[in-house]
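Protein chains: 2
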Amino acid sequence: MDKETLEAAFEAGQDRMIEKWKEFLSFPSISADAAHASDCVNCATWLCDHLATIGVQSRLLETATKPVVFGELPGAADAPTVLFYGHYDVQPVDPPEAWVSPPFEPEWRDNRMYARGAQDNKGQVFYVIKALEALIASGVELPNIKIFIEGEEECGSDSLAAQLEEWKDLIAADVLMVCDTGTQIPGTGCITMGLRGIVHFTATLTGSKYDLHSGVHGGKAPNPAVAMARLIATLHDDEGHVLVDGFYDGVVEPTAEERRLANEVPFDAAAYESETGVEPAGGELAFTPAERIGFRPCLDLNGIHSGYGGAGGKTIIPSVATAKISARLVAGQDLGAVLESIVKHLQRHAPPALHLDISDQAVGGPGLRLDIDSPILQKAKTILRELTGKDALLYWEGASIPIVASLQRVSGGEPLLVGFGHEEDNIHAPNESFSIEQFRSGFIYVGMLLSSF
Amino acid sequence: MDKETLEAAFEAGQDRMIEKWKEFLSFPSISADAAHASDCVNCATWLCDHLATIGVQSRLLETATKPVVFGELPGAADAPTVLFYGHYDVQPVDPPEAWVSPPFEPEWRDNRMYARGAQDNKGQVFYVIKALEALIASGVELPNIKIFIEGEEECGSDSLAAQLEEWKDLIAADVLMVCDTGTQIPGTGCITMGLRGIVHFTATLTGSKYDLHSGVHGGKAPNPAVAMARLIATLHDDEGHVLVDGFYDGVVEPTAEERRLANEVPFDAAAYESETGVEPAGGELAFTPAERIGFRPCLDLNGIHSGYGGAGGKTIIPSVATAKISARLVAGQDLGAVLESIVKHLQRHAPPALHLDISDQAVGGPGLRLDIDSPILQKAKTILRELTGKDALLYWEGASIPIVASLQRVSGGEPLLVGFGHEEDNIHAPNESFSIEQFRSGFIYVGMLLSSF
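These protein sequences, in sequence, are chains A and B. Numbering-wise, the first sequence is residues 1 to 453 according to the numbering used here. Numbering-wise, the second sequence is residues 1 to 453 according to the numbering used here.
By construction, these hints were calculated from the structure, which means they are not laboratory data. Be a bit skeptical, because a hint or two may be false.
In this list, chains with the same sequence are indistinguishable; a pair is considered to hold if it fits within one copy or across any two.
[Stated by the list, open to error] Straight-line C-alpha distance at most 27 Å; calculated DSSO-like pairs for lysine-lysine:
hint	residue 1	residue 2
1	K314	K379
2	K314	K20
3	K314	K344
4	K3	K344
5	K22	K3
6	K381	K168
7	K3	K379
8	K390	K379
9	K168	K20
10	K209	K344
11	K22	K314
Every value quoted in this text rests on a predicted model; they were computed, and no experiment measured them.
Between the sequences and the hints, there should be enough to build the whole structure, so can you do that?
Encoded structure:
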C-alpha cells in the first residue's frame, strides 16, 4: 500500500482505532507489581483475541512469569519473515496523585491519548496492529509476519531471555521489527542504531558491628561512609574516564562515518539543561554528548547510603555503607567480564580494615550496534524520507531494550528499531501520552514498510 | 562517709534504687525529637520532685528549649561549693527493631539495666543522687552542693550555653563535678583530662530536577552521588591526615608528660576489634590511637545518602546527594573558623555543574584540656585508688560534653570528670545498658568525694 492509500485508511478508521486502543490501555498491566499479575494475563488474553479478530492466528506462550502474545500471518512462499517485537506491560504509576486523569481510564484530550502505556509500548504496538489490520483488509501481498509481544519488559525480561532458545524455530525471522523508541526531533524519522547493555550490583563496606560514637571513636575507628566515598572516587579520573582495568575491553570504536552521523543529530545543551535542570557535563568529557551516550560505556552510582540522613546531625561513625553501582556497556563488550573487572577493582582498593561484600550482581542484555549499510536500513530510510519529507536521523541510544540482542541472536532477524516517541510523552512518568500525529506516523510507516518486501 | 559505710548503705538500698531508676528511665526524653518535647518536661518535673524527696531544694530553670533541673543543698558556712552537672535527655533509639527490650521499658537482665539512657547520662546522674541521698540521711558534713541537670545535651546544649551568664551567681562554684565519662579499663578509676569540641553541618549536592534514566543520561548527566563521593575523598589523604586548609589551626600540642600519660592508658587493639568489630585503623595513622583521640582533631562523615537504596537495582542517575559532616576539634581551636574552612574547601572542590548547599551548621562547645597538677585531681586520684586498689588512669577523651567548657568559664568551678561507663554499655546505640557494679562504683566514689571536702 502506498502512502496516500494508508492515509485514507487511517482517516476512515481512526475513530474505531481510538476506541479499541482505549480498551487496550484500560488494563493495569504493571509487571513489576505482583498485585497486577492477573491484569497482565487479562491484557495478554484481550490482545491475543484482538489479533484473531483482525485475521492473525494467535496464542499465548507460557513463561515463568507473564505470557507472551504470539501471532502468525503466513505470507508468500518465498517471502522473507518479519518478527515484530513489543511489550504489553507498563511501568508503575506512582505518584498517582500527579495524574490529571486516572492512568488506566484513558482520556482523549487535545488530540492526545493520556494513559499509562499510551506510548510505551501499548501505543506503539497498537499502530503496528492497526496498520497490519488495514493491510490484511486490503489484500496486499505481505511477508511472513510473526508477532511477539511480551509482558515483562519493564522488569528486564530476565526470565524471557532464558527461555528464548525453546522458541528458536517459532521465532526464526529475517527482520526483527521493534517500535519501542522515539524520534529525537519531532517531525523527523529516527532509526535507532545502537543500544547499551547493563550490569549492576550492590557493594557493601562493613566496619564496626554497630554505629560508633563519633567522639569516642572519631579518628580511631575507620569510617565506612568515608571509605566508600574514597573507594567510589577511585573509579573515575577528573575527566570522567573510568579507571577500572578492563572496563573498556571489547569496546567497538565507531567508524568515522558513524561518529559523523551520531554528531549530526541536533543536540541543544541549553534545552537539555532547561528540561533536566543540569548541564550535560557528566561522563567522559573528551567525547561529545552523542558519542558518550552512543559509543562509550559508563559507570554510575544509582545510590549510596550510610549512617544518618535525617534532620540536623547525629554523632556516629556508621557501621556500614552500601553503594548501588551500574555500568552501561556497548556492543562488543563481555558484560560478565566487565562486571568482574569492576568488582576486582573495588576489592583491590577497599581498605583492609573494612569488609567488602558484593551482592545482587545482575547482567542484562548485551549492547547492540547495527550496520549503517544494511538493506533493511536503506529501506526504512527511504520510507521515513517519504513519510516526513526529511532525511531520517540515525541515533545511537544510551539505554537498553534488554531482550533485543537476545532476540536477534535466537531469531536470526536483523533488528530495525524505528519508533515515534517524543520526550514530552512522559514515559515512565505521570501523565504519559501519545498524540494522534505520532500514532498516525507509526501507522503509515508500518503500512509502507510491510508492503515493501 | 567511708568506703565501708557506703558499701553497706548501697547493699541496704539497692533494690529501691533500681525501682526508682526504672521510673527515671521510662521517660522517652529524646531532646532531638520535637515529638518528645513534653516527655522531656515530664522527665525534668519527675527529677525535680525526686530531688525534693531526698532533701534537696529543687526547681526548674526555664530555657529556650528544655528546662534545667536545679537543686541546692547548703553546707557549712566556709565549705567549698561543688556544682554537679548532668543531663536527663537521651539519644534517639533508631533502629527500634534492634532493641531486645523496648528502650523506654527498662529491663533488668543479668545484673544490668537495659534502656535508652541506662548509662548516658541518667544512670550516672542517678548514682550521684542516690549517693547524695545516703549522705544526707547519714547527717555527715557536706560541702555546698548545687545540682544542674540539663535537657539538651544530646542536641549540643546550644541555647543553654547562650543563657548561662544569666545564672552566673546561681551556679558559682569551686568544683564542677561531671559524671558523664567512662573508665578505659573496667575495675580501674579514670579521670578525664580533655574533651573535644564538635562542629557539624549538612552538605547537599543537587543536579537534575528529578532522578534521570541511567541509560538515556548515563555518561551525559553529572551524577551527584559520584560527585559527592569524589568531594568527600578530597578531605583526607591516604594516611588519614585532613587536607582542608586551616583544619589544624590552633591545635595545642600536648606536653611530653601529657603524651606519656595518654599513651600509658593500656590500649589493646585486639580487644578493641573484638568489641567493636573493627581495627583501630581510622584517623591519622602517624599518631597512636590515644593521641589521635586525645590531642588531634578529626573529620568524619556521619551519613551519606543519595538515590536508590532498596533491594536489587534501579536504573537512575540520582538528582541529589546529601552528606552529614562533623569535625571533632581540640582545645585551642576556634570552632567557627574551622567550620568555615571545611565549607570553603567543599565549595572550592564541588563540580561547577552541580549546586552545593550547606545547611544545619552547628557549633558546639570548644575543646577542653585540664591541668594535670591541680589539687582536685589529686583528691580524686586518692579516692579512686582506695576504691579500686589501683592508680587511676588519666584519659584525654575524644568525645564532647558541649557545655563543660562554658560551665567552667561561667561558674568558676574547676572541672573534675570521673565516670564509670564501659565500651560495652552501647551508649547512643541499641541495647544501651549499665551494670549494677558500675552503678555501685559510682555511688561509692561520689559518696567518698562529697565527704572529703
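Against the structure, the hints come out as follows:
1. K314 to K379: neither (62 Å within a copy, 36 Å between copies)
2. K314 to K20: neither (51 Å within a copy, 30 Å between copies)
3. K314 to K344: Between copies, since 22 Å is at most 27 Å while 33 Å is not.
4. K3 to K344: neither (55 Å within a copy, 62 Å between copies)
5. K22 to K3: Answer is within; shortest intra-copy Cα gap is 26 Å, inter-copy 86 Å.
6. K381 to K168: Neither: 29 Å inside a chain and 86 Å across chains, both beyond 27 Å.
7. K3 to K379: Only inside one copy: K3 and K379 sit 15 Å apart there, 101 Å across copies, limit 27 Å.
8. K390 to K379: within (14 Å within a copy, 94 Å between copies)
9. K168 to K20: Close neither inside one copy (32 Å) nor across copies (77 Å); limit 27 Å.
10. K209 to K344: within (25 Å within a copy, 34 Å between copies)
11. K22 to K314: Answer is between: at 26 Å across copies they meet the 27 Å cutoff, but 46 Å inside does not.
Hint violations for this structure: numbers 1, 2, 4, 6 and 9, all remaining hints satisfied.
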